[in-house]
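The whole structure should be built from the sequences, with the hints applied where relevant.
Listed in order, the protein sequences are those of chains W and E.
Quick note: the first sequence uses our numbering, first residue 673, plus one each step.
Quick note: the second sequence uses our numbering, first residue 28, plus one each step.
Bear in mind the hints are in silico, worked out from the structure with no lab data behind them.
It is possible that some hints are incorrect.
[To be verified] Estimated spans, in silico, between C-beta atoms of each pair: (1) W:L772 - E:G90: 38 to 48 Å; (2) E:A246 - W:G835: 52 to 62 Å; (3) W:P798 - E:A246: 37 to 47 Å; (4) E:A166 - W:V817: 31 to 41 Å; (5) E:E231 - W:A843: 22 to 32 Å; (6) W:R838 - E:V273: 40 to 50 Å; (7) W:P957 - E:A246: 47 to 57 Å.
[As the list claims (entries may be wrong)] Listed below are several chain W residues computed to face chain E (Cβ distance under 8 Å; list not exhaustive): (8) A679; (9) G786; (10) G789.
Remember, predicted model here, so these are calculated numbers, not experimental data.
Where a beta carbon is used, it is the ideal one built from N, C-alpha and C, also for glycine.
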Amino acid sequence: MTAYLLAIGIMAAIYVLLTLGLTLQYGLTGLVNFGHVGFFAIGAYASALLSLQGVPLPLTFLAAALAAAIAAWPIGLVALRLREDYFAVVTLGFGETVRLAITSEGWLTNGVQGIPGIPRLFSAMPVGLPEALATFAVIALACTVAALMLRRIAASPFGRVIGAIRDNEDALKALGKDPARFKLQVMMLGSALAGIAGAFYGHYITYLSPDQFIPLVTFYAWMAMIMGGVGRVSGAVVGAALLMAFLEGTRFLRDFIPGVSEVEMASVRLGAVGLALVLFTLFRPQGLMGDYRK
Amino acid sequence: MTTHRRTLLAASAGLLAAPRFARAQAETFRIGALNPVTGAGSPYGAGMQRMIVAAVEAINAAGGANGRRIEVFSEDTQTAPQAAVLAAKKLIEVNRVRAILGTWSSGVSLAVIPLTNDADMILMHTSGAPALSVPPANARHLGYRFQATNDRFGRAFAEIAVKEGFRRPATMAFNNASGIGNTEGFRRAWAAKGFQNGVHVVYEPNQPSYRAELLRVLATRPDVIVMGSFLPDTTIILREWFQMGVPVKWIIPAWAANPQLVQALGPAVTEGIIAVDSVSNEGSPAFAAYDAAYRRTMNQPGLSNVYAAMTWDMATTLGLAIEQAKSFETAAINAAIRQVANPPGEGVSTFAEGKAAIAAGRKVNYDGASSVLDFDEFGDVTPDFGVFFIERGQIVRKYVVKI
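Quick look at the structure:
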């Protein structure tokens, strides 16, 4: 049971990192990024491919963050001049483009066959509880650092500018600030977080293929953010944990609902997740950790 | 009234739950049924899961394997590696299963097999990716593939194309490991025979129309189109091809060219299509047993779900291996799988038959519902391939090719 809970914890922590990136982009700055999964994929593949070439792991994580941030740069330049809904469409397209590029560039990514045998985070340790615990500890540490960093950003002058971009971009322009530059930085920083999340994901699952990077991953991060409370750093953490609790906790529903067959249960499970989300938006639209003063 | 209804509910819930607790008393051998109940594999997943349960019921009815009942814990992979990994973790850690059966897509199997290897348990799957045969995925030789590799399917397609006298084959592949594996296997085998390959078109899943791809292929005037495809896309492609009215023959894997396809398109469109399948022994007693179970639980003919026949065989093979090994240790069971599945030995087609033969000290060779089921050193089956022609809406087996 402990190992299973740790596995859920690790996946939840990976989603916390992803959601934190989104919190920075949407929650704090108001950028509607529907292509988060693209940066997640870039990070995952960058770290996996480099580690298979023998590059030591801390360096591959750095490379994952850099690759994702660099990928965000042209997106930023092209797209940040667009209004939010158009920006959402562009990023959605970007996420899909990344997946198709991974599918097509078989020389690099092994295409649809995927990359098996990616080294684990602690490949020197035998698989078991200590190894899972160490993995979880490292990811949790990364989440903590990212969360603290985000808090710091939100409280800084930079944070006030991006908050102003979210609340009233025109007013900010009238004050002589250049929103595009700030948006670009936010875009790159948030994507770097997604890239690191991707690197953790790759080294945890140990197998990557393009069909793992579908838009659903982006929307899981959105769900986590909405459930936790948009614009709240604690919201990202709580939301991602809650999402995993929903997705995995419903596996145990069967033990409490008699008369439902194993096959039907799979559908009931997804239904339960959907229902919970609907109820959430109905009764706690600000999210669990949301700001109720507004 | 309210109280009364609530009491009734509690009582019935208790009744339903009771056998679960009662069963937990005696020690069982626990296995996990990890199937694609939702997601892209959903047309097959439910049947696959039910057939594992049905085969296990047959084993338990025959007194269990090596004296223990087998207990099945089911989970859904959602046909997604990430969900499958967590589901596998749950089966391994919480339910304490000792083997996992029935993962379907290659992506899922490749993500799950490191976990089963680390937990020292057998994984039986129906995925086609070649990577599953060799290290790192199958470094511990605990993985068993009940489906022919995509490459073997491709080789069979090439044999058939030669036999049917085709000269200008084009290939169309669904863009995933299985689809491309089929057509690549064909193109390699075709080139090895000294022939020239035609155009190769890879198409993306979930398109409403494949007209552009079809036009590209048909513009090269092929005499046959070899497909690496699935049911939904094949349905659309064949419908659009028929509307174009260009004469061409088709070689299609049987999981796509199946009774549902004929039902969707009608006999006129499907006339003359060549469907290729690893021989499911329709004549065999094992297939009859499987077919009866499938009709009973799914209300459909057993042929409509080739993967369900494979999962039926998985549970039966595992049961026989436990019986043969006289042990519940993974190493012993693993060593016994080839003993009970491969020749030589007395051909058996059900668990009960095999159990009786093993008890009598004879070596058995289980001939499955999905194929004769002989494993090579990689844990792969090399089945013979049945060649079916669709004639007036009927899928008729014409001959068998060996590769």
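Taking the hints in turn, this is what the structure says about them:
The supplied range of 38 to 48 Å is broken by L772 of chain W and G90 of chain E, whose beta-carbon atoms lie about 54 Å from each other. Against the hinted window of 52 to 62 Å, the Cβ-Cβ separation of A246 of chain E and G835 of chain W comes to about 57 Å, which satisfies the hint. For the hinted restraint 37 to 47 Å between P798 of chain W and A246 of chain E, the CB-CB distance of approximately 57 Å leaves it violated. A beta carbon spacing of about 35 Å between A166 of chain E and V817 of chain W agrees with the range 31 to 41 Å that was offered as a hint.
Separation of E231 of chain E from A843 of chain W is about 44 Å and departs from the stated range, judged on CB atoms against 22 to 32 Å. Separated by about 56 Å at the C-beta atoms, R838 of chain W and V273 of chain E break the suggested range of 40 to 50 Å. Restraint check, P957 of chain W to A246 of chain E: a C-beta distance of roughly 55 Å satisfies the suggested window 47 to 57 Å. Given hint, A679 of chain W at the interface with chain E, holds; its Cβ is 4 Å from that chain's nearest Cβ, closer than 8 Å.
At about 6 Å, the closest approach between the beta carbon of G786 of chain W and any beta carbon in chain E falls short of 8 Å, and the interface hint on this residue holds. A hinted interface residue such as G789 of chain W counts as satisfied when its beta carbon comes closer than 8 Å to some beta carbon of chain E; here the least separation is about 4 Å, so the hint holds.
Hints 1, 3, 5 and 6, counting from the list given before, are not met by this structure.
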